[in-house]
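Using the sequences and the hints, build the whole thing.
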Amino acid sequence: MSSQTIFYKTPKDLPREEWFASGHRLCAGCGAGIAARLVFKAIRGPTVVVNPTGCVEVSTSCYPYTAWKIPYVHVAFENAAAVASGVVEAMKILNKKRGKKIHDVIVFAGDGGTFDIGLQALSGALERGHNLLYICYDNEAYMNTGIQRSGATPIGAATTTSPAGKVIPGKQERKKDLIAIAVAHKIPYAATASISHPLDLVNKVRKALEIEGPKVMHIFSPCVPGWRYPPSETVRIARLAVETRYFPVYEVEYGKVKINIRVKEPKPLEEFLKVQGRFSHLFRPENAHVLEALKKAVEENWERLVKLEESGITL
Amino acid sequence: MNMARQAQERIAIMGDEAVALAVKQSNVDVIAAYPITPQTIIVERLSEYVANGELDAAFIQAESEHSALSICVGASLAGARVFTSTASQGLALMHEIVYAASSMRVPMVMAIANRSLNAPLNIHCEHGDVMPERDSGWVHLFATNVQEAYDLTFIAFKLSEHPDVQLPVSVNLDAFILTHSVEPLTPISDEDASKFLPPRQPLYSIDFDNPATFGTMALPDTYMEFKYQLKEAAERAGQVYPEVAEEYARISGRRYWYFNSYMADDADAIVLVLGSTYGTLKTAARRLRESGLKVGIVGLTMFRPFPEKQLVELLKNAKSLIVMDRAYSYGGLGGPLYMEILAMLYRNGLRIPVMNVVYGLGGRDFRLDEAEAVLRMAFDGARRGRFDEHVRWWEVRA
Amino acid sequence: MSAKRIVEPVIKGQFTYKDLPIAAMIPVPATSLEYKTGVWRTRQPKIDHGKCIKCLLCWVFCPDAAIKRLEDDSVKVDYEYCKGCGVCETVCPVKAISMEEV
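Residue numbers (our numbering), protein chains in the order written: chain A, 1 to 315; chain B, 316 to 713; chain C, 714 to 815.
Hints are computed from structural coordinates only; laboratory data are not their basis. Treat the hints with care, as some may be off.
What the hints assert, rightly or not - Okay, the calculated beta carbon distance ranges per label pair:
1. A:Glu-300 to C:Val-752: 42 to 48 Å
2. A:Thr-145 to C:Lys-717: 28 to 34 Å
3. A:Thr-160 to C:Val-752: 26 to 32 Å
4. B:Asp-505 to A:Glu-173: 55 to 61 Å
5. B:Gly-647 to A:Arg-44: 54 to 60 Å
6. A:Glu-300 to B:Gly-647: 53 to 59 Å
7. B:Glu-411 to C:Gln-727: 42 to 48 Å
8. C:Lys-808 to A:Lys-296: 35 to 41 Å
9. C:Thr-729 to B:Trp-572: 31 to 37 Å
10. C:Asp-791 to A:Arg-284: 40 to 46 Å
11. B:Lys-542 to A:Thr-145: 22 to 28 Å
Said to hold, decoys possible - Straight-line C-alpha distance at most 30 Å; calculated BS3-like pairs for lysine-lysine:
12. C:Lys-808 to A:Lys-264
13. C:Lys-767 to A:Lys-12
14. C:Lys-749 to A:Lys-69
15. C:Lys-717 to C:Lys-731
Backbone N, C-alpha and C fix where the C-beta goes; we use that ideal spot for every residue, glycine too.
Here it is in structure tokens:
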């Protein structure tokens, strides 16, 4: 199975079926909503989604309304990977014993349910090697409960539990590297994607589904109220994240890094930051050191990926 | 060991091994567990059965108990017959999902090797681990010996999957006293087990051709009605239990009821207990009866749902009761079983003198002579028409 | 069973615990279609079909699937669900969509 196979060449190739229906209660312009629509355009047959507590869960499965046309399971906040493991293994054994139809299992989890409280379950599932696709839609904070900081919040960002204060100007810690954590489990495939590049995203989802074993995808999903910008700008901001190298788009296949979108001349990071209220305090002179720290983190991350790709090292 | 041929022949087996044997014969589909003393033998035997091809099931060692139970919920929703096992800290860690499992009406069986909760850290027998789970809506069954631990496992699967029940069921066995004791067991044959437990037919499951949304959020406008469903289901489990037990009696020759009792029908003084201490009390009670003291004992098999009607019927003519608890509600009126019995007596208009004996916490041994002393104390209470204290912590150095 | 049978008793508050599906599961897909999120918006998109090149980007990017893709790959706004976010206007490469006040 060539890693060059493209399933969807143009938007016209995307299936018409909406497995993720209208009428859900995600905010107008929600990046996670775009991510969900795109991901579930790429399913290839019977599929079940496992969704931990978060924005998508409360907005798409509040009794009596469900936005899902495929089977859907929510149990708790930190255990999506574990619940999905159970679904995968049950289907496998029931298929063997009683011919039950195997379903693709996709976890669709926020950074809240992945980076911190959900990390143990994810690690366990990856180590056990279950055949599932774990997709993290990353809006860089615990948005559902009111924009509190998460392990995915970047350095300098203001959240409600890392506010831009007079003494502490925003989050002082760096963002965790989810793909590095995933790849440390020696899984066959991990990738990042941005909602601003939909064809790259859907092709990766489909490609991942075709691979046997645990796969992880990290999708950049801007948040209107959390990042503080007008609803129409969601896709533009996601594109700026890629174009400034803030969010690199790459794959790691069997430990080998491949950068998919080579940003040759990155736009200055300020272009990405200035359109979001959560970074506005970084433009005050007294916080220049935090802005520098964020820029440095972005640069280091990019350099590291370039070096990994060039060296051909197997992670 | 070829169980099919040796059916109805007694074997000597450890409690944990007996549970594993029953799970194997129950043709489970998915086992997900995390090891914790003294349940470890259960999961080790099961992984051996699977590794040797004797049991066609997925065996998953989860990375924690919380994930183990979560795996079970996912597997059960996919339509599998599911088993897990834990004790003490593990059960406490699972607590969040224990409630999710019953509230999502997910059939499964969990064997709990009842052990004390940290702190202090202690690996020995106590019921303090399962008591915090009594409000969850799970059916809780208690074994008094290895045979019961084995039999109740089959009954648990059948009850759990019954269309009128659809609730997870726990089978409780005392840490070390039952888990690690070798006792005689008369197993049922593999054939009888498969007749009693044919492959699971889920009422609803993950199915792309009939897509459903499981685990929704419910707002104040509907939440209470969903919990009322749980209340009704928990109570219905008590009504369905006798028919399940009856069917099991037909294949095994052993009949289970809401409780075991010995000489309680005409007793003046009755001692109530959960778990293996029943056996000790029975020997003591027999001796005292021989010397003319009209004492009796009751060991609850079903703790949840609470068999109020049947217990009232049995206890109503007693002149005194001692409720023994191997757990405690710190800051409360006494041990959990004692508080339940008090409430039961009061609302049924029974003003029988009751005393709570809290014993055996952290696995402290409860000897035969102590059992006799408790029975004598109960009899004394019947004779005087009262007890001098509500709660006594037995033989504590206070 | 239809989505209306699931949704209406709750909206009207006319049900008992027996009428509800077990454990709050929803046995019918996409009952959210009964909830018309169109009432949320304060602006709405208008498509100039003369300019539209049928690139389908607006259909791809709408978080609410409120831009419908028709048989001939032309697009149409589903005003029942459109929340008026304006993403479609920003992604259209030929400026065929304009957001207007409601």
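Here is how each hint holds up against the structure:
1. Judged by the Cβ atoms, the range 42 to 48 Å given for A:Glu-300 and C:Val-752 holds: they are separated by roughly 47 Å.
2. A C-beta distance of roughly 32 Å is found between A:Thr-145 and C:Lys-717, which places it inside the suggested range of 28 to 34 Å.
3. Against the hinted window of 26 to 32 Å, the Cβ-Cβ separation of A:Thr-160 and C:Val-752 comes to about 29 Å, which satisfies the hint.
4. The beta-carbon spacing between B:Asp-505 and A:Glu-173, approximately 57 Å, falls within the hinted interval of 55 to 61 Å.
5. Judged by the Cβ atoms, the range 54 to 60 Å given for B:Gly-647 and A:Arg-44 holds: they are separated by roughly 56 Å.
6. Between A:Glu-300 and B:Gly-647, the C-beta spacing of about 56 Å keeps the proposed range 53 to 59 Å intact.
7. As the Cβ distance of B:Glu-411 to C:Gln-727 is approximately 33 Å, the hint placing it in 42 to 48 Å is violated.
8. Range check, C:Lys-808 to A:Lys-296: Cβ separation about 38 Å, and the 35 to 41 Å hint holds.
9. At roughly 33 Å, the beta carbons of C:Thr-729 and B:Trp-572 sit within the given window of 31 to 37 Å.
10. Checked against the given bound of 40 to 46 Å, the beta carbons of C:Asp-791 and A:Arg-284, roughly 44 Å apart, stay inside it.
11. Evaluation of the 22 to 28 Å hint for B:Lys-542 and A:Thr-145 yields a pass: the beta carbon distance comes to about 23 Å.
12. At roughly 28 Å between alpha-carbon atoms, C:Lys-808 and A:Lys-264 fall within 30 Å of each other, so this suggested pair holds.
13. As the CA atoms of C:Lys-767 and A:Lys-12 are separated by approximately 9 Å, the hinted pair is consistent with the 30 Å bound.
14. Restraint check for C:Lys-749 and A:Lys-69: satisfied, since their Cα atoms lie roughly 17 Å apart, inside the 30 Å limit.
15. In summary, the hint linking C:Lys-717 to C:Lys-731 is supported, as the alpha carbons are separated by about 17 Å, within the 30 Å threshold.
Hint violations for this structure: number 7 only, all remaining hints satisfied.
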